[in-house]
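Chains as they are written, first to last, in the working numbering: chain R, 1 to 102; chain C, 1 to 165; chain F, 1 to 520; chain D, 1 to 486; chain P, 1 to 627.
One should not assume that every hint holds.
To be verified - With a straight-line Cα cutoff of 16 Å, these simulated EDC-like cross-link-like pairs (lysine to aspartate or glutamate) come out: (1) P:K603 - R:E99; (2) P:K435 - P:D528; (3) R:K101 - D:D361; (4) P:K24 - F:D457; (5) D:K443 - D:D361; (6) R:K89 - D:E149; (7) D:K291 - R:E99; (8) R:K101 - D:D292; (9) D:K367 - F:E114; (10) C:K91 - R:D96; (11) P:K603 - D:E149; (12) D:K367 - D:D436.
What the hints contain is simulated information worked out from the structure, not anything from laboratory work.
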Amino acid sequence: MTPLQQYLALSIALFFIGSWGVLARRNIILIVMCVELMLNAINIALVAFSNYSPTGAGRGEVFVFFVFALAAAEAAIGLAIAIAMYRLKERLSIGDFDEMKG
Amino acid sequence: MPEFQQTAFILLSILILASAFCVVLFRNLIYSALSMIGCFLGVAGIFILLHAELVAAAQVLIYVGAISVLVIFAIMLTGHRAGDLRLFFHKQAWVAVPICAVAGIALMVVMATATYNATKDAQNPSDDAIASLLFNEYAFPFELVSLALLVAMIGAVILAMKEKK
Amino acid sequence: MYDFQEQIGFPILTVLTFLPAVAGLVMLLMRGKPKAYKGVALAATAANFILSLVLIAYFDRYTADMQFIEKVPWISSLGVSYHMSVDGISVLLIMLTALLSLIIIPASWNYIKEREMQFFVAFLFLETGLIGVFCARDLLLFYVFWEIMLIPMYFIIGIWGGPRRIYAAVKFFLFTFAGSLLMLIAIVAIAYLARANPYATPVFDMDLLEKSIFSYQVQMLAFLAFFIAFAVKVPMWPLHTWLPDAHVEAPTAGSVILAGVMLKVGGYGMLRLCIPLFPDAVVTLAPWILVLSLIAIIYGALVSLVQKDLKKLVAYSSVSHMGFVTAGIFALNLVGIEGGIMVMFSHGLLTGALFLMVGFLYERLHTREIADMGGLAGPFPVMAGVLLFFTLASLGLPGLSGFVGEFLSLVGLFTYSKPLGAIASIGVILAAAYLLWMFQRVMFTKLRDEKWYKLPDLSLREIVSLAPLAILAVWAGVYPNTFLQLIQPSAARLTEKMAPYMAEGGSAVERIFASLGGLF
Amino acid sequence: MSHDIIAIMPELMLIATAVVILLVDPLLPVDGRRGLSWLGIFACITAALSTWFSRGEEFTAFSHGIALDKYSVFFKILLLVVAALAMLISEKHLFLKKRLLGDYYALILFATIGMMVMAEAIDLITFFVGLELMALSSYLLAGFFRYQERSIEAGMKYFLTGAFASNFILMGMALLYGLSGSTNYQEIGDAVRLGPIPEGPLVIAIMFILAGFAFKISAAPFHNWAPDVYQGSPTPAAAFLSVGPKVAAFAAILKFFTIMLGSQSDTWVPLMIALSIATMIVGATMALVQKDLKRMLGFSSIGHVGYLLLAVVATGDSGRTLGMAAVLFYLAAYTFMNMGAFGVLVHLANHNARFNDSLDDLAGLGKRHPWAAGVMTLFMLSLTGVPPTAGFLAKFYLFSAVVEAGFAWLAVIGALFSLVSAFFYLRVIVFMYMRDSEQTEEKTDGKSWDLSLGLGIAAAGVLLLGILPAPVLNAAQDAVVKLLGN
Amino acid sequence: MKTAVLLIPLLPLASFIITGLFGKRYFKEKSHYLSVAAVAVSWLLSVYLIVQVERGEELHWQVYSWIAAGSFKVEIGFLVDQLTAIMLLVVSTVGFMVHVYSIGYMKGDGGYYRFFAYLNLFMFSMFMLVLGNNFLMLYVFWEAVGLCSYLLISFWYTKQSAANAGTKAFLVNRVGDFGFGLGIMLIFVTVGTLSYSGVFSSLGSIGTGTMTAICLLLFMGAMGKSAQFPLHVWLPDAMEGPTPVSSLIHAATMVNAGVYMVARSSPIFSHSPNAMFVVALVGAFTAIFAASIGLVQNDIKKVLAYSTVSQLGYMFVALGVGAWTAGMFHLVAHGFFKGLLFLGSGSVIHAMGGEQDMRKMGGLKNKTKITYWTFVIGALAISGFPGLAGFFSKDSVLAGAFHKGFWYFWLVGLVAAFMTAFYMFRLIFMTFHGKPRDEKAFAHAHESPRSMTIPLIVLAVPSAIIGLLLGLPPESGHIDHFLEPVFEAVMGEPVHFGLLDAGLMTLSALIGIGGILLAWLFYVKRPDLPAKAGARAGFLYRAALNKYWIDEFYFAVFINPVRALGRGLWRWVDVGIIDGFANGSARFFNGVGMALKPSQSGKAQVYLFSMFLGFLALLVAYLILTI
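So that you can see chain R by itself, here it is in the shape it has in the complex:
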């Protein structure tokens, strides 16, 4: 039987890999993908907690459903922005949009 701690460790690991992706990559589509990875990490934690919780069983799973839905919405908007960026400048690198600074 896998203890809760391992699931959490997996969750954290995935979360930080996703974070690293967000910090490292320039392409907005890829960053959206990495954000999704982070959400998946959270989902793992939620479901794991839900599975092991003495009082809150099931709520984690419900939570995950909401995360799914909102992740989808978020991805849709992120990709819409990506397309808008592409339309405007034919660029997807977020570093190319740096008109405002200072």
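Here the structure of chain R is known, so what remains is to put chains C, F, D and P in place on it, guided by the hints.
Structure of chains C, F, D and P alone, referenced to chain R:
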């Protein structure tokens, strides 16, 4: 069959983490997207291990079926060029590696060594119970989610849709 | 009890305070009628001045109690009320404010060329703020008025000022605002500390606060916060550097109000808040403040001596003169306090008049550089005479108002400590030096430009605006008791409050060392 | 169930109106869309009224998902005011920029619903949905002028940072849920207080949540997005974005850190202090060096967040209601003054095609647009904290709370940065009144009664809260007393 | 009597106000009518007053409470006793004469009305000064006469030198008044009152040290007003004013205020022998010091000015040694003859068309007969020619010093007397005798109008006879008896005139005559001698000619350093440090902003990273705080 579960967990973990790395590291966006699907599938497997079959199913449907497709569409729409090599990684990526690693490992250690107020495995309730929770207790947020999806639609319309001139 | 209902029947303090602001709003609404709004401004300030005289007439000068009390809850959950009342000190300064506000309207009748209406509106709002400060009996209300007067003055300097007006205006604002913010925190702190229990509402009512006793540490910190706020306004060395800039750049009327009333607000605050609320801290810190006052007196005078700009000279002289105010007040005896108040009053009259004179000169010659002047007594004999009068009054010539206050505060200081009194007296010599030298260089010696003979001497309008100041200066010099009686009970109340706290004897140096012990 | 419906009546009104707007919009010609804003405003007013009339009742709805108490009422009305003001100042601007779409109003309404849910939620899931609803709508509002590079850039930055931060909050909430076994605030609070809960994960959860919220309110060092987003967004949207999400986030922060984490104040108070000081430094000093007004206001709003965090610090151990009431009142004041300040920028942009938000464009404004300059002065003074404006009383009340909680030294630091910030607020006034304009305007017909009304309301609000603050102040106090009572 | 006392000052005041306000427009060249009339009435009233006082009447009258601040209470009140009366008489007499004289002297001047207004103001102030019944009033009108002096010195304000002189006079007096003011404060702090009677009746309770301090501080004021070394520098410069002013203010009345003050405070001074000694010492030094400068001056008015300084020194010697009445006697006598001499010199200047340098004069004897003869009377009087006023008064001073045991002061007095006689007759010989040196000016020279000569004649009479009237018998003359009530408490044993005194008297008379003869030798008999003597004396001569470089010294040691200090404080402390700090802190925050600016790089990736780092920073901060 706890051994099987543990073995499966380890294998799935390796799959998830490895494909996650691949998402970040692949130069070609399509490869990244495919790795992401692998990762999603791995997560679905973890859900099954956690006795959350319904969630696992939804994971496959939504992530693999919807979001991944969305991503691939976006890649196609924008022309899936690898892009300028110099711009592949932001220069801070290499600074971020140790920082993320140290932070991640530190948090992992804290999380993994703590003692939780946890019972034994298999507390996840039946699908009925989930449905009941979702449509009774969480009816209001559930309705709101529809608004969020509506917003996403509006977003697609106002940002991405070509206006007829 | 001195409720306004019983004393006069209508809320005179509220009317006094808000009448100018209301007039200002009326003016804002009557855009495009240039003649009419000057009339409104004049009428409002005149009415206010008459009201201030009515106030004095109905004022009971034989009691130290607050009078004409108006008290309405304002923010009751915070214990803040709209509490207005006055004592002798306030009444005197209200009269001065109303008078100077009245005077500057005719004095700047033709001075302002653009955005004239806003100029007068700003002054009306300024008057509201100033009178409000003198009436407020609730700490928060006091602070509100305190800040309100900042804004119009900021605009007056910034919009209608000289070439470096923006720098001067911003400097003025930031210096005073810095002090105010510290004061705000101190206000809050003492209001909460004065509560009877942790669930009671905070205490902002000065009547109640005066009865509260704060711990020594709180007193020291709060006193310093209040004191810095007031010291910036006074201005005390070394917080004075905004003053010369503000004065030089401000239009004449602005300088008049700034020097005439606004600086007094600092001294007033010390009397109204610092001393009654924090007696222990006052006793400890008084020697230090006196030393600072002495520095201000001597320093201001020395720097005045070498000024090349007429306005700057008068501005630095204010630093020196206001040093006598703080010196008198923190000598903590009745003579000194009354002297300090008299210096405030007289400085209001005289420096106001001097700035008016500088303004009149500037309108004619378009310069304020002393080096560009000389021999002006020829073309402008009346002006020379009037300027001489105010110069002499300002340097403390007996028989005019400057002397009484200065001498009294020196006596007070001398009573406190002989060496300090002696050092402060040097300021009197220096005052004569810089003022007479200034007068000599401006009015005497050879006329620099024969064309100036074609310029007019003081006009009737200008004389009329100066006359009340001159009359009051003589009055306060020849029969100062009129004013001393007014402030005596209030000043006496302060000394009575301080009496139990005063340690006996010791030279100033000893006291300073003693206070060092108190600090740590 | 009818109970539940009553509880969400205002939200339902907004939803219905938004849907109507979305449906009607494509059918209308561009000129006909100008009435849509009034539809939205009308919805806000009715929603506010219905909220107001339900203020006497106190109950929870949807199985303890949301609480309808005075606290919610206060925030919901405030948020509806924000939405209404935002719509008032938007219409003409959108029209002139040729982006007058009903979607905009629908997005504002959706965002408002999200914020209201954030404020009234007492359940993590409900809160999270509200948060995301608000966030998603906000991203789109920022990027609404999709043909302007800046707007897209703003949307992109807002989206990326926002999504990243949402993940942090979400992770924190997941941990909180896992550690306490509940998603209900009160139950979590009890669990955290009574234990047993492993300390390490709990601290990590607090950190995640703190970081996430710090982003939402743009506290340093999570602030970088804010100036860019405000600068790039359509100005009326920037007005909305600089106020609404912050109000909602603070509503949630107070609940999170008092109900749930009040017993952990030892952990988060020092961090909050550090955040607050860092935020004040960044906000004040960087606003000093800005030339662009919207950026300047962006940094200024960061500075105000620093002050607000001081008050949150003052809530410290959860017995102190003063700090919470101070936050509420400050937010109310901030709403009017910041919306007003942005509104003036909208006004100027509407009237002058060359206006590009730079400080230099303000030169001589006192002569060209005396009324606009007048109200701008009022807003600047209020932001500085000069009486008799709302900003002063808010700051006064906030300092009261901080001092009362024993953090007088923090108040002094706050005062120091108030002083620094006075400098750049004054500079606006300096430019408007004390500089003469060198460039000429390119006049456009920007006359808009809506906008004037909006500015008038904001100005009136600023003055009213400064002169007669008692009703709002009492409401704020009542709101928080009950919050801690349950 | 009260009416008289009120009218004496108020008439000139009223005249001042009316003339000052309306003179320019309405009175013009008739401005003197009112002024002269007012002073004339005051003069009559003073005569009336002295007669009343002679009969033994005194007046203590508190008119109204002037300042009442806490324990500090001062009245405006009048005190009329013998001292007051005699001062009043001198002031009003000389004042009246000068008024009359000015009608002629100032004729045609642009500021005619102004001049008379100022004179009236001065009369008012001077009357009030002597009439007051407390120290603060004394101080007040002390400053007021100083103001009038200032106004009148810089009357011809377009002249740089006149303007400078006025300012200098006021400032030097202020230095003295600084001490005076402190003295008054010390009195108040010590005894709690300032009225003469109150102070004098509580002297017993004051310690000696305090007493000496009070006396010295008061005397500092007197040194300023009465131009004693080292505060004498203003008086010679004050000669820039019109000559009637020099006569009235800077010779006969105002400068005596210091003497009056010390005399008035005699009860205090007599308690402090040390202070008295200082008074005498300063007086003696000034007497000889000023006389030595007077020896070599070439400006006719400067000579008289130094003479005044010297004679004032004499008076202080008398007061300092305790010969109170002698001091007052000399004051009265000096008032008359020095007033006369100045008016005479004015007449000379008038005759010479404004020329004041004696080296350009000469031979005026015949052209200006009345002036010459009255001048000679004055000069003889001041030189102590037997029978004339100065003879008696000077002798009583010297005798006083001798009898009180201060033989060294007596010796100094003799030397000074010798010098006095010498420079006075040097003046006469250079001006009136010999050949005219400036023919052009001489040709136009003429006797002055009647309004000027009559005052000369009138003043010559008391200069000649007042000694006989008041000073006989010597050492206990009429004046001693008259003033006795005032100085009762402080007078020593009455001195009986003996053989020794007769000898001293003769000696001083001989000294005076010797001086006159020496002057005759130098300037009439052997005109080449002065140059030789000058060359012989060398350094000393140059030093005296340059007034011992006192002015230069003051500039170098006080004035320039003070200005430099002011400039330094302004430039370095004000602008440099304080403003530097204020602007520097503004710049500091600006700098912080500029330094932070790059962090706002515009790259979304960096923002994300900064958020991530922020999260880690929170963790690290927590760790630091908990460990």
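Within 16 Å, alpha carbon to alpha carbon, are K443 (chain D) and D361 (chain D)? Given that 16 Å is the threshold and the Cα spacing comes to 13 Å, the pair holds.
Next pair to validate is K435 (chain P) with D528 (chain P); report whether the Cα-Cα distance is within 16 Å. Holds, at roughly 14 Å.
Just to be careful, I want the Cα atoms of K101 (chain R) and D361 (chain D) compared with a cutoff of 16 Å; is the pair within it? Cα-Cα ~20 Å, so violated.
Taking 16 Å as the top limit, are the C-alpha atoms of K291 (chain D) and E99 (chain R) close enough? holds (15 Å)
Agreement of K367 (chain D) and E114 (chain F) with the hint, judged by alpha carbon distance not exceeding 16 Å: Holds: K367 (chain D) and E114 (chain F) sit about 10 Å apart, inside 16 Å.
Compare the distance between the alpha carbons of K24 (chain P) and D457 (chain F) with 16 Å, and conclude whether the hinted pair is satisfied. holds (14 Å)
Pairwise hint evaluation, E149 (chain D) against K603 (chain P), where the allowed Cα distance is 16 Å at most: holds (14 Å)
Hint check: K367 (chain D) vs D436 (chain D), CA-CA at most 16 Å. Holds or violated? Holds, at about 9 Å.
Given hint D292 (chain D) paired with K101 (chain R) - CA-CA distance at most 16 Å: OK: K101 (chain R) and D292 (chain D) at ~11 Å, within 16 Å.
Does K603 (chain P) pair with E99 (chain R) here, judged by a C-alpha cut-off of 16 Å? holds (9 Å)
Do the alpha carbons of K89 (chain R) and E149 (chain D) lie within 16 Å of each other, as the hint requires? holds (8 Å)
Can the restraint linking K91 (chain C) and D96 (chain R) be considered satisfied, given a maximum Cα separation of 16 Å? Satisfied, since the Cα-Cα distance of roughly 14 Å is no more than 16 Å.
Of the hints listed earlier, the one the structure fails to meet is number 3.
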